[in-house]
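Asks: Those protein sequences? They're chains A and B, same order as listed.
Taking this note's numbering, the leading residue of the first sequence gets 1, the next gets one more, and so forth.
Taking this note's numbering, the leading residue of the second sequence gets 288, the next gets one more, and so forth.
Any given hint might turn out to be false.
Examples of chain A residues lying across from chain B (beta carbon under 7 Å, computed) [as the list claims (entries may be wrong)]:
1. ASP76
2. ALA124
3. ASN185
4. LEU187
5. ASP196
6. GLY209
7. ARG211
Keep in mind that the hints were calculated from the coordinates and are not lab data.
The beta-carbon is built from N, C-alpha and C at its ideal position, and this holds for glycine as well.
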Amino acid sequence: MLYNFKDMHVVTALLLIVLMTFIVFSTDNPLILLSIFIFCQAIFMMTGSREKIKKGLVYFIPFAAVSIIINFLFVDEGSTILFIAFGKNFTLEALIYALIFSSKLLLIIYIFSMIELLLNNDGAVSYFSSIMPKSTLLLTISFKLFPNLKRRINTLREVYSLRGVDFESKSIKEKAKSYTPILANLLGTSMEEAFDIGESAYVRGFLSGKRSVYQRQKASKKDIILSLHMFIILILFIFLKFKKLDTFDIYNNFRWQVLLNYYVLLMSIAILTLILSFYLNWRNKES
Amino acid sequence: MAYIELKNLDYWYAGEDKKVLSNINLQIEKGEILFIVGRSGSGKSTLAKAITGAVPQFYGGKIRGQVLIKDIPLKDMDYRERAKEITMVFQDPERQLMMNKVHREVAFGLESVGIEEEVIERRVWEAMQFSNILDIAERDISSLSGGQKQRVAITSAIAYLPGCIILDEPTSQLDPSAAEEVIALIKKINEELGTTIIVIEQRIDKWFDIADRMIIMEAGAIKFNGRKEEIYVENYESFYPEYFKLAKRLGYKEPPRSFKHMRSLINSEKIAIESLKNTNKKEEVECINIKKLKVNYGSLQALKNISINIREGELLGIIGSNGAGKSTLLKSIMGLFSYEGSIKLFGKEVKKLKLKEISMLIGYVSQNPNDYITKDTVYDEIKFTLDNHKIKDYALIDQVLLKLGIEHLRNKNPRDLSGGEKQRVAIASVLVTKPKILMLDEPTRGLDYEAKVKLGKLLKELNKEGTTIIMVTHDMEFASKFCSRFILMFNGSIAASGDHHQVLDGGIYFTTSLNKLFRDKQKDVFNISQFVERDAL
Chain A
1 MLYNFKDMHV
11 VTALLLIVLM
21 TFIVFSTDNP
31 LILLSIFIFC
41 QAIFMMTGSR
51 EKIKKGLVYF
61 IPFAAVSIII
71 NFLFVDEGST
81 ILFIAFGKNF
91 TLEALIYALI
101 FSSKLLLIIY
111 IFSMIELLLN
121 NDGAVSYFSS
131 IMPKSTLLLT
141 ISFKLFPNLK
151 RRINTLREVY
161 SLRGVDFESK
171 SIKEKAKSYT
181 PILANLLGTS
191 MEEAFDIGES
201 AYVRGFLSGK
211 RSVYQRQKAS
221 KKDIILSLHM
231 FIILILFIFL
241 KFKKLDTFDI
251 YNNFRWQVLL
261 NYYVLLMSIA
271 ILTLILSFYL
281 NWRNKES
Chain B
288 MAYIELKNLD
298 YWYAGEDKKV
308 LSNINLQIEK
318 GEILFIVGRS
328 GSGKSTLAKA
338 ITGAVPQFYG
348 GKIRGQVLIK
358 DIPLKDMDYR
368 ERAKEITMVF
378 QDPERQLMMN
388 KVHREVAFGL
398 ESVGIEEEVI
408 ERRVWEAMQF
418 SNILDIAERD
428 ISSLSGGQKQ
438 RVAITSAIAY
448 LPGCIILDEP
458 TSQLDPSAAE
468 EVIALIKKIN
478 EELGTTIIVI
488 EQRIDKWFDI
498 ADRMIIMEAG
508 AIKFNGRKEE
518 IYVENYESFY
528 PEYFKLAKRL
538 GYKEPPRSFK
548 HMRSLINSEK
558 IAIESLKNTN
568 KKEEVECINI
578 KKLKVNYGSL
588 QALKNISINI
598 REGELLGIIG
608 SNGAGKSTLL
618 KSIMGLFSYE
628 GSIKLFGKEV
638 KKLKLKEISM
648 LIGYVSQNPN
658 DYITKDTVYD
668 EIKFTLDNHK
678 IKDYALIDQV
688 LLKLGIEHLR
698 NKNPRDLSGG
708 EKQRVAIASV
718 LVTKPKILML
728 DEPTRGLDYE
738 AKVKLGKLLK
748 ELNKEGTTII
758 MVTHDMEFAS
768 KFCSRFILMF
778 NGSIAASGDH
788 HQVLDGGIYF
798 TTSLNKLFRD
808 KQKDVFNISQ
818 FVERDAL
């Protein structure tokens, strides 16, 4: 059974994304991060977007590996020595720190991947065009340019391969040089394309005055419930931060009680119950 | 009072000394279909932009004279009122659609001009019903075909209920069947809603039939302005539909009223027709040998078990519907796709050759000549290809410029050239290494008649000198005139292969206008060059 969350109000969806991003950037507490991870997985499962889980891991694994190596090389703090090599201690603490650090990147990837599952793009363009039309037009043009650029790069690669440009060169310098004509061409065509989109918007009356809104979104009961839930999470998180109850310093006097205190558990439960909120509010809205 | 009136209009683009529009005087009546033609760079699009107000409000520059809409000067009209009254559909739908979903896109313009929210919903869905695109209302625009995207753009224009819709080459990027759907929709808009239509196009035949009046532009000025039939007595053959050209050739004093009328005239005549000379060289040397070729895009099989031989010196046209696999076949031969089966290029398996080796044997010209522009002069652009191949014989550059008749463009910036000239520069930049095979993908796209004729002659000449030419094209008249052999493809397979008689004769869709006109009278008629004499019965 798959769910479609795109009828959520644009503002609710954005608040959720901002709140999650804020929490991930503000805490190192593994339990809180784990609860966000589980929440993201639940959203991916409910919307049938398992491929996003894999895609996140593709970026996470090499980043985690590099973080672990660098942390091992430059940090020898910690009391639990895993092994000693070249006269240097490799500690469990350095390993855990690197893992937590890289898992935050994974969470940010997952949170941003959720945007397209929660946000109705057209609804967002329509909504923000009525509030800040110039910035929205600018963003829309940029977003439209990216997929077109990708297509153009492929076409130009074919054309220039057959004009003798070697894109398979092993030297990085040669490889970079081979892309120069493509970039020169892209620069010109992208500017033309952006100009054409702007002209089309002008002819269609964009920025001619106050816009009306097609299928104006109204905050529904589920938006209110979700917003209240997010508000509780925010208040709880601010309290935790203020009282330094989420502090997790693996290198200095680490104690399990710090990790598993009552408030952190409460915070994690509040995040995990978001899954329940989504389920109960959208259970009749299968896609 | 005319609906739209242009009085003594002159226009200069910002920073330019040369006038782009010169003393334009024009009246357009409500409900008219006006067809504007002219060579590339003649000022057609600028004229259209002057009517929408984009010139000079969006482009800047200097304007003199007046544009009046319902007797109100355009410059005095409120921007919003102007946008509601006159709207425009552009050449490339990719560059005008802003939203992801079709119905949202149709609503976008209405939101921009502040149509009341209770009205928008009805307008959006009624406009989609009118254009017969309700079935794709919830589809992502990125998943639509070119023709569907253009119909969405037109539907977005209808939703305003404008007095006038201007279309700037709306079918130039579409295949013939998608173009016909667009033309039928425009005719319906004009007939049922009374909307004034202004169309700018290089494709003459189908638009000519629905137009009320024609304008021919040259160097920024109106050279001809009159009923479409009137061009028959003037010497504007470049802008005739094929059946007008035929009527002129047969010496009719009056123009035929329609394609159907032309057929009845032909059937009542005795016409001697020269049989088509088959110029196909029967060289025995194979340059490309394809056996059991299969190409897959994920789960989609783009080419299914294709086997074909192409001999040296052929001028081969690959024709067929969109998505039939024509470009895929071309690119597979060039080693750009992985494949199953065998493709041998001069006896060597393509997948075993490096792209650089293939590029010495095959020159490839893509659909868009702008793809070949990276340098500041034509000379440097051609030199770039030689440098990539580490060829130091720069005398080859002047040779190829001379051969293609563009030696006068040697030091010009390729960005400043016309469509036809850019096309020649693109061909020059791949021909400079003297490849044995030249491949072209939709070479006539966006070219005016004169440029097409020049291109055709050039290809014939190159072919005579020994270059094997393979082109993918939707332009049946062009293919019939210049190709000696054809491959007709559908759904990843070859449906027919051979000369004019074997592929084009009796075709329902993929054949020439003349073949359709003459089929009751005589077989194997394809080109106007075949006619020799006419006697009344």
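Asks: Please go over all the hints and tell whether each is borne out by the structure.
Replies: Hint check:
1. ASP76: This hint is violated: ASP76 (chain A) lies away from chain B, its Cβ roughly 49 Å from the closest one there, beyond 7 Å.
2. ALA124: violated (10 Å)
3. ASN185: Where the cut-off is 7 Å and the nearest Cβ of chain B is about 5 Å from ASN185 (chain A), the hint holds.
4. LEU187: The hint is violated - LEU187 (chain A) has no Cβ within 7 Å of chain B, the shortest such distance being about 10 Å.
5. ASP196: Holds - the Cβ of ASP196 (chain A) comes within 7 Å of chain B, reaching about 4 Å at its closest.
6. GLY209: holds (5 Å)
7. ARG211: Hint on ARG211 (chain A): holds, closest Cβ of chain B at ~5 Å, below 7 Å.
When each numbered hint is compared with the structure, violations occur for hints 1, 2, 4.
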